[in-house]
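A.B. asks: Single-letter residue listing:
Number of protein chains: 4
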Amino acid sequence: MVDLQHIVDDLAERASSATERGRVATYIPQLAQVSPKHFGIAIVTQSGEEIVAGDTNVPFSIQSISKVFALTLALDKDGDGLWRRVGREPSGDPFNSIVQLEYEKGVPRNPFINAGALAVADVILSGQSPAGAVAQTLGFLRHVSGDETLQVDQAVAKSELDHGFRNMAMANFMKAHKNLENRPEDTLWVYVQNCAIAMSCRQLARAGRYLAWDGRIGPGGAPVTSSQRARRINALMLTCGHYDGSGEFAFRVGVPGKSGVGGGILAIVPGHASIACWSPGLNEVGNSLLGTEALEELTRRAGWSVFASNP
Amino acid sequence: MVDLQHIVDDLAERASSATERGRVATYIPQLAQVSPKHFGIAIVTQSGEEIVAGDTNVPFSIQSISKVFALTLALDKDGDGLWRRVGREPSGDPFNSIVQLEYEKGVPRNPFINAGALAVADVILSGQSPAGAVAQTLGFLRHVSGDETLQVDQAVAKSELDHGFRNMAMANFMKAHKNLENRPEDTLWVYVQNCAIAMSCRQLARAGRYLAWDGRIGPGGAPVTSSQRARRINALMLTCGHYDGSGEFAFRVGVPGKSGVGGGILAIVPGHASIACWSPGLNEVGNSLLGTEALEELTRRAGWSVFASNP
Amino acid sequence: MVDLQHIVDDLAERASSATERGRVATYIPQLAQVSPKHFGIAIVTQSGEEIVAGDTNVPFSIQSISKVFALTLALDKDGDGLWRRVGREPSGDPFNSIVQLEYEKGVPRNPFINAGALAVADVILSGQSPAGAVAQTLGFLRHVSGDETLQVDQAVAKSELDHGFRNMAMANFMKAHKNLENRPEDTLWVYVQNCAIAMSCRQLARAGRYLAWDGRIGPGGAPVTSSQRARRINALMLTCGHYDGSGEFAFRVGVPGKSGVGGGILAIVPGHASIACWSPGLNEVGNSLLGTEALEELTRRAGWSVFASNP
Amino acid sequence: MVDLQHIVDDLAERASSATERGRVATYIPQLAQVSPKHFGIAIVTQSGEEIVAGDTNVPFSIQSISKVFALTLALDKDGDGLWRRVGREPSGDPFNSIVQLEYEKGVPRNPFINAGALAVADVILSGQSPAGAVAQTLGFLRHVSGDETLQVDQAVAKSELDHGFRNMAMANFMKAHKNLENRPEDTLWVYVQNCAIAMSCRQLARAGRYLAWDGRIGPGGAPVTSSQRARRINALMLTCGHYDGSGEFAFRVGVPGKSGVGGGILAIVPGHASIACWSPGLNEVGNSLLGTEALEELTRRAGWSVFASNP
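Chains as they are written, first to last, in the working numbering: chain A, 1 to 311; chain B, 1 to 311; chain C, 1 to 311; chain D, 1 to 311.
I should point out that these hints are in silico values taken from the structure, not numbers from a laboratory.
Any given hint could be a false lead.
Because identical chains cannot be distinguished in the list, a pair is counted as satisfied if it fits within a single copy or across any two copies.
Restricting the straight-line Cα-Cα distance to at most 20 angstroms, the calculated cross-link-like pairs of lysine to aspartate or glutamate (DMTMM-like) are [what the hints assert, rightly or not]:
| # | residue 1 | residue 2 |
| --- | --- | --- |
| 1 | LYS158 | ASP93 |
| 2 | LYS105 | GLU284 |
| 3 | LYS178 | ASP78 |
| 4 | LYS37 | GLU20 |
| 5 | LYS178 | GLU104 |
| 6 | LYS105 | ASP93 |
| 7 | LYS37 | GLU104 |
| 8 | LYS77 | ASP162 |
| 9 | LYS178 | ASP162 |
| 10 | LYS37 | ASP186 |
| 11 | LYS77 | ASP186 |
| 12 | LYS178 | ASP80 |
If you're wondering where the values come from, they're calculated on a predicted model, not measured in any experiment.
Generate coordinates for the entire structure from the input sequences, incorporating the hints supplied.
C.D. replies: Below, the structure is given as structure tokens:
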């Protein structure tokens, strides 16, 4: 029997002494102020037990991890109509590339690059106010994490909007291709608010449970989405969840995951665990350096892999 | 209990009456002569049982499916040194694109696009003759399939070489970047011979067993490669195994797979099944049209998905 | 002695009966309302004579032709500092491509593609109000054309702003790369106002005189810019003045020229003539179809070419 | 009256003391052995006078300058049919890029990038032996330069062939797109032999006379090609003659020119001069560093520019 507590304690200890910690994202000034010293990991197991180590109660900006939850909402709202507006293929490009958008006439490659997430935000926004759209996403996250205290960090949101020229470029580019229904500035606002939601590792691991258990909040829990939809979101996380490092993550860690530039990673071991890991320093493709390493060691030692005969 | 025989009989029957069958590949003239009417599917289950329907004993050109086996050989020969010469990321490009090679200075994105497979062939070739390299690949396939009758279809090989200007361009381009050790024409010859190996669905499903059971030929069988390596090859199949349709295959079918322009697909359900499916007509990204549809229905009805809590 | 009047009469007559007239630009709705039946041509010769045929007094939207005049202004304001922000090479891309901007980190390839013209507008705008910047460009054009009646067509400007998402994307993208000093919406406003200036062929041919005579308004006329600068602007017109049709224009017409999506073309025969031609229908790369044909025949019959021993 | 001898003496003297001389091309090992100390310039004027300074009798490898002469031959052989196989637009890419070939389906952008010159060589080769094709090009150059001693430098040719994997890649890529009639290895051989022709500045300046005088070898001389064709070749030299530095050359030097990686540049001042300049060190886009500077100063001091009212 694997002793998960022992493993995560090892991981936290090793992380505390790591000298190479990656670089904290600077393009959102507010994020650049976060100390690279943080490290936390939280696991919710099949039995509902929570195994944690490190800074697991410190909220951080979930950033692109919010795209997983927004995608769930948009699919539940719009169904497969969403797929007319965004693809399902890895991009082979950085998260914020606009090149692909031009070659493919304004249709983002997948919902986890920034342009794709703008299309998802646009779906959520249609038919309601920007504030309503954000409240809906936040409400969804409060529901799946079982935590009514979750909030948008408005300092982060403002900082991102003030420096969000590149995302504004993408929103306008998609609007030019008629792939936004709403005003670019409104869609971008919703997107940025969602990204600025703050969560701790513990909260995030809880929020991911429905992906590990076929759409239900834990084994036999309340249904959040269909089992097919949960599986498909996992598939997208595996192929596209780490931008141009997605293949590497699948190769090394072996389970679906989604990273954010705040340094968080949500990893799903279907049937076994929902895991959240956080360390602010990023590697050269924009994913948490220590977080990725910790998850690689965790899955190796726990024997977790969707590619093994006995996952 | 799922009745697999019933499912595959359904699939074969439906395929026999399908009107939209895709288009048989034409860029290798010999392949263009294959009738699009064929359809076959073979499953090797955990118990070793073989469940088949359709043309499961007709040999077809495995083409790019050979890249999976060549990769296994090259990794066993060269270890992780291979990864200095080829990446592990989806390409976001067609199988035969040369654009990425220029942007990334002669390093192919992954071992399953043509350029990556040339690097793999080059590793196998180094230190032996071209004929020896092909004999080694063929010997490996005979071993894992338990079938000493496997052969290269020389008519296909000749046809491919006579029309292989694009692959010759890639080999020369990689040589210009010093990412081939051997002469481009020799490496290309090995690559083409490997692609021209002919196998039936039944033979191919047997050959894939080591990927479904952690590197062993069936549960508890003879070891072929390490369990970690088998998992990692599965990961690459999931993220890169269907060229620019890899995300779609993961989304719809939910298990690792590798396609070939001959119309074959090898699909792996770790711990449960090794599956080979064949129908020569291709969809617009170059993967078997009916084969993909059959695998989607099979995994759905069998409840197989690496993304489910109970795969 | 060449009879220019005879030639232009021929050109106008032929144009009046042409059946293939190209397609009027539709991405600015106001421009789409212009009749494709128009054709006009005006030549100002070395002696100051004006030779005209067709609709030479009908004002049209000069659109990108304004980039030539704005570049002159920006160079006179900022000197060679401008070249830190924009290149001098043909782009090999359509006028509104954003791909190159990403590959080259926000630095447009030349001042005649839209992104480059935004950088030029940004230089003019710095240190003054948007309205002041537009007044300066308009004042410059009134001066060089000797016509105080020139105006911005505000209906066109509004139409372009309402549908200018793509240019807004570029402005934001350049801002993200710190290659705009001012607010993207302000720079875009100046750019759009400049493009919406309305001129007739006669007015435009007069405005181009300083380029044909080394920076002076006609031979021995008032200096507008230095002779070196006038020559260099001609060089840029020749290599970059027709987007991805620049090589073709140089090959067929043989003199520097600048086109606009309103269907106008300004062509310069240094030492001999300033020519304006207008026909609203565009060819597939966005340049006036009949205008280009007329200029090709005119230069051939007049023996004008900067590449001939006796131009 | 400009004293050209005084100018070129100045240029040679300045070049002899220049410390920043660029980098000699290394991708053809034989070229890498040439001393960067060389500098030569030769001008043939309208009166037929030859004004020279520096190493004007030392033969160097003309490399891509041969593309101008090969183009003349191919157009005289095939007429405008050539333009179905190669475009007339600047590429916005380095001389040896293969990216554009893929995006534009095997049709090179212009005859002066390597791929375009392969198409030109293929036209010359069709209907005769490779040796015959080279003899024809050499015969043309002997004719226009009036020098029967011109030869291919076989040591350079062999060195280039031994390291020509990238050009071999392009030839195969074009063959895959059916844009080569002959075997890739044969077309490449002709191309390489043409590039390896050795000429001195004096010989090269003489060879360029037909471009400066409307297709005739000097004013009133023997016709080589039509005046229209000579002008159009000049147009292509101006827009495409310096790869991705063509716009810069037109901007700074102001006349048509063609460079080679051997460090030579042929510059044409229509009606005034044919100029050859040579210095082996290249700038970052692959054109002679000192050669470009010398030509810029020469045209400035001589008042030569195709963009001036009095060229």
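A.B. asks: Take the hints in turn and mark each one as holding or not.
C.D. replies: Here's how the hints hold up against the structure:
For a Cα distance limit of 20 angstroms, the shortest separation of LYS158 from ASP93 qualifies neither inside one copy, at 27 angstroms, nor across copies, at 36 angstroms. In this assembly of identical chains, the alpha carbons of LYS105 and GLU284 lie at most 20 angstroms apart only when taken from different copies (18 angstroms versus 28 angstroms within one copy). Taking the shortest Cα distances, LYS178 and ASP78 sit within 20 angstroms of each other inside one copy (17 angstroms), while across copies they are farther apart (38 angstroms). Taking the closest pair of Cα atoms, LYS37 and GLU20 come within 20 angstroms of each other only inside a single copy of the chain (11 angstroms); across copies the shortest separation is 47 angstroms, beyond that limit.
For the identical chains of this complex, LYS178 and GLU104 are intra-copy neighbours only, at 13 angstroms inside a copy versus 26 angstroms across copies, given an alpha-carbon limit of 20 angstroms. Proximity of LYS105 to ASP93 under the C-alpha cut-off of 20 angstroms is found in both arrangements, the shortest distances being 16 angstroms within a copy and 15 angstroms between copies. Proximity of LYS37 to GLU104 under the C-alpha cut-off of 20 angstroms is found in neither arrangement, the shortest distances being 41 angstroms within a copy and 34 angstroms between copies. Within a single copy, LYS77 and ASP162 get their C-alpha atoms no closer than 30 angstroms, and across copies no closer than 30 angstroms, so neither meets the 20 angstroms cut-off.
In this assembly of identical chains, the alpha carbons of LYS178 and ASP162 lie at most 20 angstroms apart only when taken from different copies (13 angstroms versus 25 angstroms within one copy). When the C-alpha separation of LYS37 and ASP186 is checked against a cutoff of 20 angstroms, the pair qualifies neither within a copy, at 35 angstroms, nor between copies, at 42 angstroms. With identical chains, the CA atoms of LYS77 and ASP186 are at most 20 angstroms apart within one copy only, with a shortest distance of 19 angstroms there and 37 angstroms across copies. For a Cα distance limit of 20 angstroms, the shortest separation of LYS178 from ASP80 inside one copy, 18 angstroms, qualifies, whereas the shortest one across copies, 39 angstroms, does not.
In summary, the numbered hints that this structure violates are 1, 7, 8, 10.
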